[in-house]
Each structure stands twice: as C-alpha cells, then as structure tokens.
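All chains should be built: construct the whole structure from the sequences, respecting the hints.
Below, each chain spelled out in residue letters.
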Amino acid sequence: EVQLLESGGGLVQPGGSLRLSCAASGFTFSSYAMNWVRQAPGKGLEWVSSISGSGDNIYYTDSVKGRFTISRDNSKNTLYLQMNSLSAEDTAVYYCAKGAYNWNPWIDYWGQGTLLTVSS
Amino acid sequence: QSALTQPASVSGSPGQSITISCTGTSTDIGSYNFVSWYQHHPGKAPKLMIFEVNKQSAGVSNRFSASKSDNTASLTISGLQAEDEADYYCCSFAGYGTLIFGGGTKLTVL
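Protein sequence lines correspond, in order, to chains A and B.
Numbered according to the numbering used here, the first sequence terminates at residue 156, and the numbering increases by one at each position without gaps.
Numbered according to the numbering used here, the second sequence terminates at residue 171, and the numbering increases by one at each position without gaps.
Think of the hints as simulated: they come from the structure by calculation, not from any bench.
Glycine residues also receive a C-beta, built at the ideal position from the N, C-alpha and C atoms.
Mixed in with the good hints, there may be bad ones.
[Said to hold, decoys possible] Straight-line alpha carbon distances no greater than 27 Å define the calculated BS3-like cross-link-like pairs of lysine-lysine that follow:
hint: 1; chain 1: B; residue 1: LYS105; chain 2: B; residue 2: LYS116
hint: 2; chain 1: B; residue 1: LYS167; chain 2: B; residue 2: LYS116
hint: 3; chain 1: B; residue 1: LYS108; chain 2: A; residue 2: LYS79
hint: 4; chain 1: A; residue 1: LYS79; chain 2: A; residue 2: LYS112
hint: 5; chain 1: A; residue 1: LYS112; chain 2: A; residue 2: LYS101
hint: 6; chain 1: B; residue 1: LYS108; chain 2: A; residue 2: LYS112
hint: 7; chain 1: B; residue 1: LYS105; chain 2: B; residue 2: LYS167
hint: 8; chain 1: B; residue 1: LYS108; chain 2: B; residue 2: LYS167
hint: 9; chain 1: A; residue 1: LYS79; chain 2: B; residue 2: LYS105
hint: 10; chain 1: A; residue 1: LYS112; chain 2: B; residue 2: LYS105
hint: 11; chain 1: A; residue 1: LYS79; chain 2: B; residue 2: LYS167
[Said to hold, decoys possible] Looking from chain A toward chain B, a few residues come up when the C-beta cut is under 7 Å (computed):
hint: 12; residue: ALA69
hint: 13; residue: LEU81
hint: 14; residue: TRP83
hint: 15; residue: SER86
hint: 16; residue: GLY89
hint: 17; residue: ASN93
hint: 18; residue: TYR95
hint: 19; residue: TYR137
hint: 20; residue: ASN140
hint: 21; residue: PRO141
hint: 22; residue: TRP142
hint: 23; residue: ASP144
hint: 24; residue: GLN148
Okay, here's the thing in structure tokens:
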C-alpha cells in the first residue's frame, strides 16, 4: 500500500524559511517522480514542483522559482521541499504526491497534507 | 501558466448525471492525452479517479467517465449518489515534468 506522510508544516513569519518532508513507503521510491502540490485557503490545487526518480530533472511553477528547492533522498525514501523568502501567498496545505511514472504524466497517490501558515 | 478553466460549481439530484468541463490550451490539454481527474473531500487526500483522458483508476465506479476534444476535457458522473459530493479537479500534463490543474468544481448532490 502506497503511503505518503508529510511533516514540517507550521507557522512562519514573512521572509522566513521552512523545510517540508515526505516519508514514502509501499513502492520503489527511486523509480517514480514526486511532486509537491499546494492548496491555499479557499482556493484550488496548484502544482508547485516535481523531481524525477533520480533527482536529475527538477521543475517549478513560476511563482516559487528561486525561492523553493525540491530534493529527494532515495536512500531514505524521503522527499523534501525547502522554502525560503516565504510570504503570505505561500500559506497553504502542501501535499506530497507520487507521479505515475518517472516522467510524471499524472499523480496517482497523495498524502494527507501539511499546513504552512505564513503570518506575523 | 494559467489554471485550466472549470465551472466553480455544479449540482444534481440523486440518480441524475452531471458533466464537468475543463478547458485548457493547445500547450496542455490540446497537446497531450494525459488528462487526469481527482476527487477531493475537504480535509482528506485527493483521489485519482481518471487518468489518460478516460481510464478509470482501480476501484473507481464505472459511473465516472471522461473524454477530451481539442482543448477541452469533460468528466461525467452518472447515477449521482450522495457520496459523490466533493470537489473535482482536472489536471493536464504540460510538458517535461510539469502539471497544471483546473480551478476545481464543487459538486453538490441536492
């Protein structure tokens, strides 16, 4: 059974930093792309970033380029999202999500999400 | 890229059918047969319902069907049930490893 467990969310001041983690199990982690998707309060889902199984290919939505860094540790079956220069617009539930294949044509499994609140 | 366009809300009575549209562009829906649909009950993890335009995910009721024409995809739910009440999102592969979601549609079962 695929399981994705996010952690690391919390309250951060504007301009601050935070790192999210996602512990994966139930599949061969290194063989699949992984994603971060977020949902701001009252808004829809927004794809944030993806990383290929090897970590060689990384993509970001424009609004987080230069501020967020996605990474993975295949030896620990863990996905990360380092978030810097946070603003109120980054407040959202952040979901860890597994790509269907290594090249990420769609998402087939999601975690329960972790809440990030950026506020002073 | 802008989000795919979905109606904000749809509603139907039990037993009826509803269709949710999802309009993109020639660079996402129009370029790839990798449209997926997700059911999201607030507070829970989204659930994959449809992938590759019209393929049902394992365990999904055959009351859920989908299609695509040019830059627009559609999800149809037939025989509406109370448990279908949720938010529904379309998603398209947009090249390389990127994905784009629709704004979401709230389905109300009257």
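Hints, one by one, checked against the model:
1. Using a Cα cut-off of 27 Å, the hinted pair B:LYS105 and B:LYS116 holds, with the two alpha carbons roughly 23 Å apart.
2. With a CA separation close to 22 Å, the supplied pair B:LYS167 and B:LYS116 stays within the 27 Å bound.
3. Taking the CA atoms of B:LYS108 and A:LYS79, the gap is near 17 Å; set against the 27 Å cutoff, the hint holds.
4. Note on A:LYS79 and A:LYS112: the hinted pairing is violated, with a Cα-Cα distance of about 33 Å set against a maximum of 27 Å.
5. Among the hinted pairs, A:LYS112 with A:LYS101 is consistent with the structure: their alpha-carbon atoms are about 26 Å apart, no more than 27 Å.
6. Proximity of B:LYS108 to A:LYS112 is assessed by CA-CA distance (about 25 Å); at most 27 Å being required, the pair is judged to hold.
7. Using a Cα cut-off of 27 Å, the hinted pair B:LYS105 and B:LYS167 holds, with the two alpha carbons roughly 15 Å apart.
8. As the CA atoms of B:LYS108 and B:LYS167 are separated by approximately 15 Å, the hinted pair is consistent with the 27 Å bound.
9. Only pairs whose Cα atoms come within 27 Å are accepted, and A:LYS79 paired with B:LYS105 is accepted, the gap being roughly 15 Å.
10. Taking the CA atoms of A:LYS112 and B:LYS105, the gap is about 25 Å. The hint holds against a cut of 27 Å.
11. The straight-line distance between the Cα atoms of A:LYS79 and B:LYS167 is roughly 11 Å, inside the 27 Å bound, and the hint therefore holds.
12. This hint holds: A:ALA69 has a C-beta 6 Å from the nearest C-beta of chain B, less than the 7 Å allowed.
13. Annotation: A:LEU81 was flagged as interfacial toward chain B, and the flag holds, the nearest CB pair being 5 Å apart, inside 7 Å.
14. At its closest, the beta carbon of A:TRP83 sits 4 Å from a beta carbon of chain B; the interface hint therefore holds under the 7 Å criterion.
15. For A:SER86, the interface hint holds, the least distance from its beta-carbon to any beta-carbon of chain B being 4 Å, beneath 7 Å.
16. Of the supplied interface hints, the one on A:GLY89 is violated, with its beta-carbon coming no nearer than about 11 Å to a beta-carbon of chain B, more than 7 Å.
17. At a threshold of 7 Å, the smallest CB-CB gap from A:ASN93 to chain B is about 6 Å, leaving the interface hint in force.
18. Interface restraint check: A:TYR95 against chain B, minimum CB-CB distance 5 Å, threshold 7 Å, status holds.
19. A cut of 7 Å between beta carbons decides the hint on A:TYR137: the least distance to chain B is about 10 Å, and the hint is violated.
20. A hinted interface residue such as A:ASN140 counts as satisfied when its beta carbon comes closer than 7 Å to some beta carbon of chain B; here the least separation is about 4 Å, so the hint holds.
21. With a least beta-carbon distance of about 4 Å to chain B, the hint placing A:PRO141 at the interface is held under the 7 Å criterion.
22. Against a cut-off of 7 Å between C-beta atoms, the interface hint on A:TRP142 holds, since the closest Cβ of chain B lies about 4 Å away.
23. The beta carbon of A:ASP144 comes within 5 Å of a beta carbon in chain B, closer than 7 Å, and the hint placing it at the interface holds.
24. With 7 Å as the threshold, the beta carbon of A:GLN148 comes within range of chain B, its nearest partner Cβ sitting at about 5 Å, so the hint holds.
Figure legend: structure checked against the earlier numbered hints; hints not met, in rising order: 4, 16, 19.
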